[in-house]
Amino acid sequence: MAYFGNNQQRGELQELYADLNDLNFEKKKEAIKKVIAYMTVGKDVSQLFQSVIKCLEFQDIEMKKLIYLYIVNYSRQKPDDAIMVIQNFRKDVRKSENPLVRALAIRTFGCLRVPKLNEYLIEPLKDCVQDDDPYVRKTAVLCVPKVFEVSPELCPALLEQLQKLLEKESNALVLANLIQSMREIEVVNGKQLIVLNPKIIQKLLLAIDECMEWGQIFILDYLATYDPVDSKQAEIIIERTLPRLSHINPTVTFCAVKLILKYLDYLNNGDLVKNLCKKISPSLISLLSWNQPEIQYTILRNISLILQKFPILFENEVKVFFCSFNEPYYIKYEKLDIMVRICDSKNFHQVLNELMIYINEADPHFVRKTIKSIGKIAVMYDKALAEAVSILVEFAKNVQQTNEAVQELFIQMQIIYRKNRNLYKTNDSLKILFSIIDYANEPEAKSACAWIIGEFAEFIPKSVEKMGEYVDNFILEDRLVQLQILTSGVKLYIKYPSLCSALIQQLINSAKDSFNPDVRDRTYIYWRLLSTDPEIVKNLICYVAVGSSQFQKDIRLWETKDLITALENMGSISNLFHKLPNQLYKNIKVRNNNQQEVKIYKADEKQEVPSKEQEIKKDDQIQQQQQQPKQDFDLLNFEEPVSNNNNNNNNNNNNNNNNNNNNNNNNNNKIDVYDLI
Amino acid sequence: MFGISSIYILDQKGRVLITRQYRNELPVNIHETFNKKLLEFDEYTQKPVMIDKDGYTYIFIRHNNLIFMTVCSQNANCLMIFSFLFRLVQVLQEYFVNVEEESIRDNFVVVYELLDEMLDNGYPQTTEFKILKEFIKTESFQLKDKKQPEQTNFNVVALVSNKISWRKEGIKYKKNEVFLDVIEKLNMLIGQQGNVIKSEIIGQVQVKCMLSGMPELKLGLNDKAFFEAQGRQSKSRAVEFDDIKFHQCVRLSKFENERVIQFTPPDGDFELISYRLDIRVKPLFSVDVLIERKSATKIEFLVKAKSNFKPKSTANNVEIFVPVPDDAEQPQFRTAHGSVNYMPEKEAMCWSIKQFGGQRDFMMNAVFHLPTIVSPNRDKFQKMPINITFEIPYFTVSGFQVRYLKIQDKSGYNALPWVRYITQNGEYQIRMN
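Chains as they are written, first to last, in the UniProt record's numbering: chain A, 1 to 677; chain B, 1 to 433.
Some clues are possibly wrong.
Stated by the list, open to error - List time: in silico DSS-like cross-link candidates among lysine-lysine, alpha-carbon distance up to 27 Å:
#1 B:K383 - A:K319
#2 A:K279 - A:K599
#3 A:K203 - A:K232
#4 A:K602 - B:K198
#5 A:K346 - A:K274
#6 B:K254 - A:K278
#7 B:K13 - A:K33
#8 A:K43 - B:K13
#9 B:K380 - A:K319
#10 A:K419 - A:K466
#11 A:K319 - B:K198
#12 B:K47 - A:K319
#13 A:K369 - A:K419
#14 A:K33 - B:K133
#15 B:K47 - A:K369
What the hints assert, rightly or not - Only some residues are given here: those of chain B computed to face chain A with a beta carbon under 10 Å:
#16 R20
#17 R23
#18 N75
#19 L79
#20 I81
#21 D120
#22 P124
#23 L189
#24 Q248
#25 R276
#26 K383
Note that these hints are calculated values from the structure, not bench results.
Just so you know, even glycine gets a beta-carbon here, dropped at the ideal spot from N, CA and C.
The following block holds chain A by itself, in its conformation from the complex (with noise of 0.2 Å):
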């Protein structure tokens, strides 16, 4: 490629330096493209600006954009060499004919972000927003918050004409610029700054129809931050924007989709609502299925969030969610995912069965999501239990060699049964699990074995042996499976006191030594506790928790307040990281909504019905665990679910130190941890 030549730099910066002195045009023209093509690849040409600038004399379009481009490059460099060109701009943006210039020139402007510079732009750029042409207007509009924020000082004068502007234009283009603008000012400044009043609605809804799609997305975007006056004006726009479901940029149909679910909660008319709902649904599956993945992906993180508000909108729809073989993981994860939420006591049967498949998959990554999916579910919901175990159960039955989704079935299996203890009785999941306890290798599912031996030590042939051979082998082990062992190891020993008085006592010796402080600590409160009344053991350590429901049922929900700040956020970067805007910047402040309740929409039930987060407050055991403190953070990270709920499952009537120390040690892993008592 001839401009990307790699001989000696000197020769060619002189070179360059004689051909943009030239006199010949077309020379120049082809020196500016040769420097451009340096700097794109990062070779330093800033000793050319002088004679760069000079060529600014020609008004020959593409020359100036190189230039231009030049001058936004370096001006940060060489901030005193770049007050030279300002007369040049100056004189482009006041003295050309051609629109286009004027348009480049204030655009370029705006880009130099040099401080002192700005004084000089603010009123060539008052003078553009003013321009008769509606192209140079746009680009001006969108040139204030550049100057804005590196000079706010000098900008009330330019802010109060966008306001007046607001008023009286009638382009559409510029209007979604002149929104968006003063939309960001609003964000950087703090205070507001676009006063809406039923004429400029009227405006902007006008706008939509006629501006091209990325400016509906900006006036779609910023009238989903509005609240309507009265259900009147809800219907009012709702209905104007209703064609944009229809549009080609998904971005344009889901901004739609947005606004018309925030409008939802100002309609009184229940019969709408259901309408709506009904047309939205279809508008919303067909983004999920788009061609592009990204696309995809991005739609799928924000459904989660829609749908704790609007389960309405997927009732039935379920198959939406079935991966298919090809799709990235990414994808793949958040319908699993997603599959988990929308189960319910109608489709979980559809569910089961299309995760019986996946489980037959060959990529073990795949099938450990897919059973800790089922996992979820069997512990969620209680009429899928019996269909969740089975399916586990078969899937145990094939094992032949160890891999990572054997590790998650140990997992899944141990809080099944730390949520239905009596499901041994059941079925023979007992027995097939402890045949193939040998593959178990990760420290999680290790020490998940360990409690399952403790639990059920009555109904498991062989257990004994099988803890001693773990008490052999408990230097080597994860700290997370020696606190289980040790817990387990007593467990069997309150149930065979003579046949494992050896086994304590070995394992007792090895632990206490241990370089661990939380093994040595749990090995000296056992110890102590045995040689003083083996029979308080027996109650702490034996427990039988009584009543599931501590399983709090929906362990992944946002709270209220952030629900309504989520939603307001769809489709922003925030969104996809489920997180809330201030968690991730910090300039951005959040607008405090009162709102106690968030309204579900529900299909057959009532319209309205107190968020389920209400529902689960009534539990005086859960309100118990919801004073305790805890993190937003965990409550939005819809990956990790919230381990504490499970922790009191067993632990409220265990010995207290014992408890924190392990609430500490776990918080450090990163995978959902179960305490393990």
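Got chain A sorted already, so can you dock chain B onto it with the hints?
For chain B alone, kept in the frame of chain A given last:
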């Protein structure tokens, strides 16, 4: 909602080909942070959006051997950015056909100009190729005479802010014609027992418009909702769309109120409609595979393919991919129809049949030798689906039909509308036993 801070076009190794900054200063070597970040993930954990410890978000897509990456330092609308990136690639394709490292390098001036025009302050602006073409005349590839008078520029500017921004006035054709291509893709997932688990039709109407002036077009479809809105009973089969989306030239509010599709088309090729139908369709093809292990080192497949559409239609270029063990070797194929190829890289055999009539069934027999040392993934193939590709011309699964296309222009010329139907496979998979 904020805009994009900067955009990068990177080559496969993460080297910068072109970059353009729109907003506040980012660290100079932010693309290197991106490259490092990219290495943290594997195929299971890689997502198209990443965030680093300083709060910079990287949103990217891949195209050929390129990465189009944007950095955002604020809470931007992620969906909008993805849509924009795809549009950018589309526009670049219109310019240089093949968008890859070489063509980006060769046309860097055009790319710079495009990036300048398509984004301002990080917000997407004009992204319509037909308008951009008027703005940016630079052509480094094909050398044409560049005598473009300044005058056109004025018109262009007016075009952008116009109501009809996608078409300029004064277009002339000797023969006025419109070609409609209705393409339906069938996504289908068939279970082990031949039951349909998921079926979905994704349709498209592609238009090639060669009309003079500023014509007004009206398109009539056999749309059930339209018949209902008109209060008449549909005579023939009408289609009930689950979702329908239009090119921006279609008057959306008109459609919303009256179900009438009316528009002034852009010149040349564009996608007018995309629609989706979520209906149960009978499988167009069903495939049965019988696997027999004759001995430890021999495996035999008996594949039976059947077409279930009407006999008067014919499917072209049918390819049936049947998974086989990953260590299979020495294939022997026997079939009376088409040809079979072993594709070890896909762990499958491909049975191709040039023409597959409706209501026919064909058989194929394959024998593979298996090495005595068993590959650990030997049984994996049974868990992989069978894939089928095909094309059926003059046929739409949904029954979609264009009833009429009325073309009206002030000058009153007569124009000819043409239409063509085709059904193709989308993701068409059958789960094996």
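Against the structure, the hints:
Restraint check for B:K383 and A:K319: the C-alpha separation of about 20 Å stays at or below 27 Å, so the hint holds. For the hint linking A:K279 to A:K599, the alpha-carbon distance of about 19 Å falls within 27 Å, and the restraint holds. At roughly 17 Å between alpha-carbon atoms, A:K203 and A:K232 fall within 27 Å of each other, so this suggested pair holds. Pair hint A:K602 plus B:K198 holds up; C-alpha atoms about 25 Å apart against a cutoff of 27 Å.
The hinted pair formed by A:K346 and A:K274 meets the criterion: a straight-line CA distance of about 20 Å does not exceed 27 Å. Taken as a hint, the B:K254 and A:K278 pair is honoured in the structure, with Cα atoms around 20 Å apart against an allowance of 27 Å. Of the pairs offered as hints, the one joining B:K13 and A:K33 holds, with about 25 Å between alpha carbons and a cut-off of 27 Å not exceeded. The suggested pairing of A:K43 with B:K13 holds, with an alpha-carbon distance near 19 Å, which does not exceed 27 Å.
Restraint check: the Cα-Cα separation between B:K380 and A:K319 comes to about 25 Å, which is no more than 27 Å; the hinted pair holds. A threshold of 27 Å between alpha carbons decides the hint, and for A:K419 with A:K466 the separation of about 24 Å falls inside it, so the pair holds. Distance hint between A:K319 and B:K198 is fulfilled; the C-alpha atoms sit about 7 Å from each other, no more than 27 Å. Taken as a hint, the B:K47 and A:K319 pair is honoured in the structure, with Cα atoms around 23 Å apart against an allowance of 27 Å.
Distance hint between A:K369 and A:K419 is fulfilled; the C-alpha atoms sit about 20 Å from each other, no more than 27 Å. Between A:K33 and B:K133 the alpha-carbon distance is near 20 Å, which keeps this suggested pair within the 27 Å criterion. This hinted pair checks out: B:K47 and A:K369 have alpha carbons roughly 16 Å apart, not beyond 27 Å. Hint status for B:R20 relative to chain A: holds, with the closest Cβ pair at about 8 Å, below 10 Å.
Look at B:R23: its Cβ gets to within about 8 Å of chain A, closer than 10 Å, so that hint holds up. The interface hint given for B:N75 holds, since its Cβ lies 5 Å from the closest Cβ of chain A, which is under the 10 Å cut-off. With its C-beta approaching chain A no nearer than about 4 Å, B:L79 sits inside the 10 Å limit, and its interface hint holds. The restraint placing B:I81 at the interface with chain A holds, with a minimum CB-CB distance near 9 Å, inside the 10 Å limit.
For B:D120, the interface hint holds, since its Cβ comes within 10 Å of a Cβ in chain A; the closest pair sits about 5 Å apart. At about 4 Å, the closest approach between the beta carbon of B:P124 and any beta carbon in chain A falls short of 10 Å, and the interface hint on this residue holds. The closest approach between the C-beta of B:L189 and any C-beta of chain A is roughly 6 Å, which is under the 10 Å cut-off, so the hint is satisfied. The criterion of a C-beta within 10 Å of any C-beta in chain A is met by B:Q248, whose closest approach is roughly 6 Å, and the hint holds.
This hint holds: B:R276 has a C-beta 5 Å from the nearest C-beta of chain A, less than the 10 Å allowed. Satisfaction of the interface hint for B:K383 is found here, the shortest Cβ-Cβ separation to chain A being roughly 5 Å, below the 10 Å cut-off.
In summary, the structure agrees with every hint in the numbered list given earlier.
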